[in-house]
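Protein chains: 4
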Amino acid sequence: MIFASDNWAGASDKVMAALTTAARAGGRAYGGDDLSRGVEERLSALFEREVAVFFVGTGTAANTLGVSHFARPGGVVLCHRHAHINTDEAGGIEALGGCKLAGIDGRDGKYTADALAARLEQFPPGSVHHGQPVLASISQLTELGTVYTADEIAAIATIARNRGMAIHMDGARFAGAAAHLGVAPADLTWRAGVDVLSLGGTKTGCIAAEAVVFFDPARAADFAYRRQRTGHGFSKAWFIAAQFTAWLDDGHWLDLARHANAMGARLAAAIRSSGRARLAVEPAANEIFAILPEDVAARLRAEGAVFHPWSVETLAPEDRPSDGETLVRLITSFQTTAEAVDEFADRLAA
Amino acid sequence: MIFASDNWAGASDKVMAALTTAARAGGRAYGGDDLSRGVEERLSALFEREVAVFFVGTGTAANTLGVSHFARPGGVVLCHRHAHINTDEAGGIEALGGCKLAGIDGRDGKYTADALAARLEQFPPGSVHHGQPVLASISQLTELGTVYTADEIAAIATIARNRGMAIHMDGARFAGAAAHLGVAPADLTWRAGVDVLSLGGTKTGCIAAEAVVFFDPARAADFAYRRQRTGHGFSKAWFIAAQFTAWLDDGHWLDLARHANAMGARLAAAIRSSGRARLAVEPAANEIFAILPEDVAARLRAEGAVFHPWSVETLAPEDRPSDGETLVRLITSFQTTAEAVDEFADRLAA
Amino acid sequence: MIFASDNWAGASDKVMAALTTAARAGGRAYGGDDLSRGVEERLSALFEREVAVFFVGTGTAANTLGVSHFARPGGVVLCHRHAHINTDEAGGIEALGGCKLAGIDGRDGKYTADALAARLEQFPPGSVHHGQPVLASISQLTELGTVYTADEIAAIATIARNRGMAIHMDGARFAGAAAHLGVAPADLTWRAGVDVLSLGGTKTGCIAAEAVVFFDPARAADFAYRRQRTGHGFSKAWFIAAQFTAWLDDGHWLDLARHANAMGARLAAAIRSSGRARLAVEPAANEIFAILPEDVAARLRAEGAVFHPWSVETLAPEDRPSDGETLVRLITSFQTTAEAVDEFADRLAA
Amino acid sequence: MIFASDNWAGASDKVMAALTTAARAGGRAYGGDDLSRGVEERLSALFEREVAVFFVGTGTAANTLGVSHFARPGGVVLCHRHAHINTDEAGGIEALGGCKLAGIDGRDGKYTADALAARLEQFPPGSVHHGQPVLASISQLTELGTVYTADEIAAIATIARNRGMAIHMDGARFAGAAAHLGVAPADLTWRAGVDVLSLGGTKTGCIAAEAVVFFDPARAADFAYRRQRTGHGFSKAWFIAAQFTAWLDDGHWLDLARHANAMGARLAAAIRSSGRARLAVEPAANEIFAILPEDVAARLRAEGAVFHPWSVETLAPEDRPSDGETLVRLITSFQTTAEAVDEFADRLAA
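Chains A, B, C and D, in that order, are what the protein sequence lines are. So the first sequence is numbered by our numbering: it starts at 1 and just counts up by one. So the second sequence is numbered by our numbering: it starts at 1 and just counts up by one. So the third sequence is numbered by our numbering: it starts at 1 and just counts up by one. So the fourth sequence is numbered by our numbering: it starts at 1 and just counts up by one.
Worth flagging that the hints you see were computed from the coordinates, not collected in a lab. Backbone N, C-alpha and C define an ideal beta-carbon position, used for all residues, glycine too. Keep in mind that a hint or two might mislead.
Distance windows between CB atoms, simulated [claimed, not checked]:
# : chain 1 : residue 1 : chain 2 : residue 2 : range
1 : B       : Glu282    : C       : Gln122    : 56 to 64 Å
2 : B       : Asp105    : C       : Gly251    : 53 to 61 Å
3 : C       : Gln122    : B       : Asp114    : 47 to 55 Å
4 : A       : Ala218    : C       : Thr149    : 55 to 63 Å
5 : A       : Glu313    : C       : Thr158    : 47 to 55 Å
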């Protein structure tokens with residue numbers, strides 16, 4: 001009953017097999033190998049256009065470098081108030097990009113185009129004091145397990161582009177979002193206006209496989225230097241390429257995500273019908289936010305369930321727990337079994 | 001006949017087996033797992049004192065973060081003019097630590113305590129204009145494949161410490177140096193005055209396994225934040241821990257290094273006796289710098305040998321190639337076979 | 001009728017006379033001159049303890065360098081949501097200190113110790129993801145022209161210190177606050193827990209005279225390097241020292257502030273009694289925030305009054321203008337005449 | 001007999017008069033005033049093209065911000081080994097621009113186009129490890145008091161431009177160089193290929209008046225944000241504008257420089273004919289480098305002469321002092337009197 005995070009999971013057998021094969025051979029260093037080039041081709045095919053791909057080892061690296069690439073002096077990055085880049089990356093964009101992060105409020109982990117437009121009013125064009133907005137970032141999945149539709153993304157991107165801003169997508173759980181929405185990856189990204197994507201494999205069955213994907217390769221100029229000087233250029237880059245190769249083969253990435261999502265739905269259904277807990281947010285994929293009586297949460301933990309408490313600040317005031325209740329996050333993964341979910345359901349309802 | 005670099009090699013079977021086992025299980029994220037804790041214990045045992053260990057993914061990350069940790073305003077980092085941190089890391093320490101790098105001349109890739117003392121005279125104490133020396137870095141192996149003895153390290157460290165500086169060792173090939181010298185790791189590091197070590201497994205049989213090792217854990221305060229905000233904190237940290245576990249088990253790391261060194265010695269002997277080439281530097285381990293007639297180098301490459309040209313700037317003027325000659329670097333690894341070396345030797349002498 | 005800002009004013013005659021005298025003589029560079037040393041002594045006397053003083057040229061420099069001096073990796077700086085450092089310095093602390101700024105809500109431009117404590121809960125100790133709070137900053141005067149009492153400062157400082165944080169005061173208008181409160185400077189600063197003060201002369205009668213004042217000189221170590229590498233170390237430092245000398249002589253600084261405050265009070269009284277406008281915030285010194293009918297504001301501007309519109313976001317929702325009204329900021333200075341205020345009052349009431 | 005530095009001098013009476021007048025009036029903040037706009041027009045006229053002008057308070061600020069404006073990831077800035085930006089600015093460009101500084105050797109404080117080309121070979125195009133050259137900087141006057149001719153500048157700029165680099169000129173003593181060469185400022189700058197100039201008034205009769213001058217205003221985009229976030233945007237910008245106005249009026253800047261240069265020539269002549277000392281470098285303007293017997297230097301100091309010792313590293317080996325000799329720097333200024341020079345000459349020859 002481990003629902004702590006999808007980064008507590010191991011790696012899929014197919015991913016490991018590909019990695020083991022690659023490790024026997026080795027290859028040219030720093031991405032000069034065939035596997036690395038192959039992944040760029042596969043992602044170009046997947047996204048239906050030529051993309052520039054840069055491997056890094058963590059999602060924080062992908063976000064921090066991908067966003068910082070669009071930094072300018074006095075730069076301001078707009079994102080949801082509770083975006084991972086704003087609350088969980090130890091100030092990476094501030095430190096590496098020298099940017100200010102400006103949070104936007106919004107229910108269920110999402111912000112709207114209107115909310116972005118309103119926030120931008122606080123940064124009047126040309127004011128050297130306030131700084132200049134350079135990028136809007138959205139998370140897909142969001143930090144509350146919800147998704148943006150392609151139309152919602154396009155609306156946000158239009159507002160941003162009108163101010164000359166770039167659009168970044170934190171896709172640490174992009175696979176889960178794509179599996180849920182059933183929409184072509186291109187429609188969720190560049191066709192909706194996204195310039196740069198942090199594409200995460202780690203939370204969906206890889207060990208450490210993240211990529212910064214630029215939808216216009218011309219805008220990736222100098223990014224290789226940016227990556228290298230921050231120590232994110234792996235000499236044995238085939239190690240990430242091998243993982244991505246297996247991950248992308250035959251839709252393995254979507255299969256992994258679909259399993260996690262199915263387990264998430266199973267868990268959500270159990271909570272809905274439990275009579276003892278409720279969903280704080282309607283889930284789209286593998287992140288479930290639930291409100292439980294504190295004693296029930298304590299009992300479940302004592303019985304072996306592992307899940308994190310979550311800040312009630314992330315919810316709108318009207319959605320927050322009452323006295324005696326607690327907000328928790330439960331995450332399923334490609335390794336989560338139906339048995340584990342059912343055991344949790346049984347114990348919850350007991 | 002691949003002698004391009006030890007980062008062109010794959011990973012050892014033992015390392016991969018450990019990684020595969022770990023990947024089946026997964027574990028607590030961000031280093032909370034048992035394997036991660038275990039590696040810290042093993043390294044404490046290896047170094048004969050309690051050490052603080054921080055995994056990162058690349059040697060550039062280890063160097064950049066480890067050195068930047070000692071940065072102060074106006075900080076100056078002293079190192080050999082051709083140190084990897086000065087010539088091959090795309091300005092990482094400048095960018096992340098805000099420090100100036102001040103190169104020191106020295107034959108065979110090494111600098112002396114006297115040369116350090118002379119260089120320090122250009123940074124008079126208290127001069128806000130010149131900046132303040134904060135750290136001296138040495139590479140073990142050096143970038144020319146030579147080693148510092150424990151006494152040489154201690155002499156450098158004494159000069160540095162008298163100016164209040166920290167001492168960093170770039171140990172991307174520490175295993176090769178330790179195997180060659182046959183000296184206890186503690187004697188090569190903290191007993192000689194080293195404060196922080198970039199310990200590299202990647203070039204000696206791992207996929208991507210590097211660690212910043214602080215010999216005084218109290219001096220590692222805040223380093224976890226420094227690592228996290230630069231995107232170097234792996235969620236599935238067991239992925240590095242598993243590699244290091246196998247690497248350290250039963251002296252596997254030294255066995256891997258000894259093999260690479262033996263192949264290096266075999267290659268060096270072949271060059272010495274070839275009648276067609278000569279060693280530019282007397283090698284200690286697995287990096288061989290040779291001077292060949294240009295036509296011989298071209299022929300060997302045409303016959304399938306892979307090796308890099310090297311800048312003659314790295315040699316003292318009296319050691320440089322004559323007209324018609326070229327300086328090349330050949331590196332052996334744990335995967336190099338005697339057959340490959342012998343084939344090279346035969347073709348060289350032909 | 002110039003009420004745009006106190007930085008639209010010139011410089012006091014006494015300040016200019018001192019500067020002219022100093023400019024005839026010149027002096028040792030980089031603060032080695034007698035005037036510079038003298039200012040440090042005077043400020044030590046004024047603050048009733050030995051302080052370390054570093055001149056810089058702007059308030060943004062003082063704030064950015066003074067706060068960044070306490071930066072640590074993953075550092076978070078807490079301040080009022082509308083603090084100058086958060087909204088008007090183009091991301092200086094983010095860029096130079098690599099810190100995240102976390103805004104705190106609070107009425108009338110002030111935040112409370114309780115609000116600070118609540119905000120700190122979002123940064124749990126030891127969480128490398130969220131980062132670590134390193135400093136709390138307060139503005140005295142605040143950006144809404146109000147003041148903190150010594151007790152309020154002490155309460156905030158206690159909360160901050162319990163988390164190991166430093167306390168910074170943005171004293172761009174410290175003179176106005178001190179003149180209003182009639183409290184010893186020491187009571188408003190170090191005795192209440194302040195570690196570092198940005199002391200501003202520019203808005204109170206100088207040309208460009210700002211200082212970073214450390215109340216514990218030992219904590220100023222390396223600050224001279226920090227200042228120099230950012231280009232804030234003036235070679236002719238006597239140019240700032242001469243201004244501060246005249247400014248501090250015979251309480252000139254307080255006289256200048258008292259005049260500005262008196263003009264502010266006269267202006268506030270006029271607004272209160274006008275029947276056409278109201279105060280948005282009860283003023284303490286020379287910053288007056290008023291709510292006017294839009295047509296009245298337009299008429300006043302057409303008649304020659306100069307004042308800035310102000311963001312209604314800075315007010316609590318219940319304090320904001322109604323439809324057809326506008327929020328404006330009016331600032332008086334040492335140069336403001338009673339005649340100008342009275343003319344404004346007459347035109348407002350007309 | 002103060003020959004310590006031209007930044008020990010005061011300010012010219014005309015400059016102070018203009019400043020005093022401006023200080024009575026005050027004006028719109030942050031460069032919105034008439035004086036500030038006027039200086040931009042005057043400099044456009046002086047340089048015979050439209051330029052973009054940004055005031056800052058120190059030469060280090062001008063250099064650091066002006067050079068950093070051209071920074072890119074992995075950026076390398078090439079300059080003379082002993083350039084002020086490399087040896088006297090506490091690592092400002094490293095810290096603010098994240099660039100590596102790569103020094104070039106060259107006699108008499110100058111480097112040649114050929115030397116630049118040779119140094120660039122160490123940064124092969126496209127190598128992410130070595131980084132990418134982004135800018136070449138030259139000092140005019142150089143740090144050894146010599147000048148580059150327009151042709152020499154053009155030759156350097158051609159090499160730099162062929163690698164896509166920008167060209168910066170450190171003109172802390174540009175007035176002295178222009179006065180000596182008698183060449184139009186345009187010929188020494190943009191017509192020879194210079195993109196950005198640090199134009200210094202401080203060392204030639206101002207208190208604190210420096211400007212970053214972009215010869216193509218389009219390339220100055222975002223510079224205002226860069227200046228603001230580092231605290232270099234003065235609210236009372238007229239304070240610098242007033243100084244520059246007087247400085248530029250009727251060629252006052254060249255008159256000030258010519259006097260300093262004449263005093264430098266008088267001092268040089270005295271040294272040449274003294275029989276006790278010799279010039280280490282043939283001077284062009286107001287910086288005189290002389291080699292004296294150590295006992296003579298000591299005696300002169302005891303008799304009241306003030307001058308700095310200088311590092312012999314700045315000289316070519318064949319130009320260095322012999323045993324018992326010392327290298328010193330003597331600088332004249334607009335305030336230096338012929339009497340002071342003659343007294344020094346008499347005492348030297350005594």
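- [ ] Against the structure, test the hints numbered earlier, and report the numbers of the ones violated in rising order.
- [x] Checked against the structure, the only hint that fails is number 5, while the rest are satisfied.
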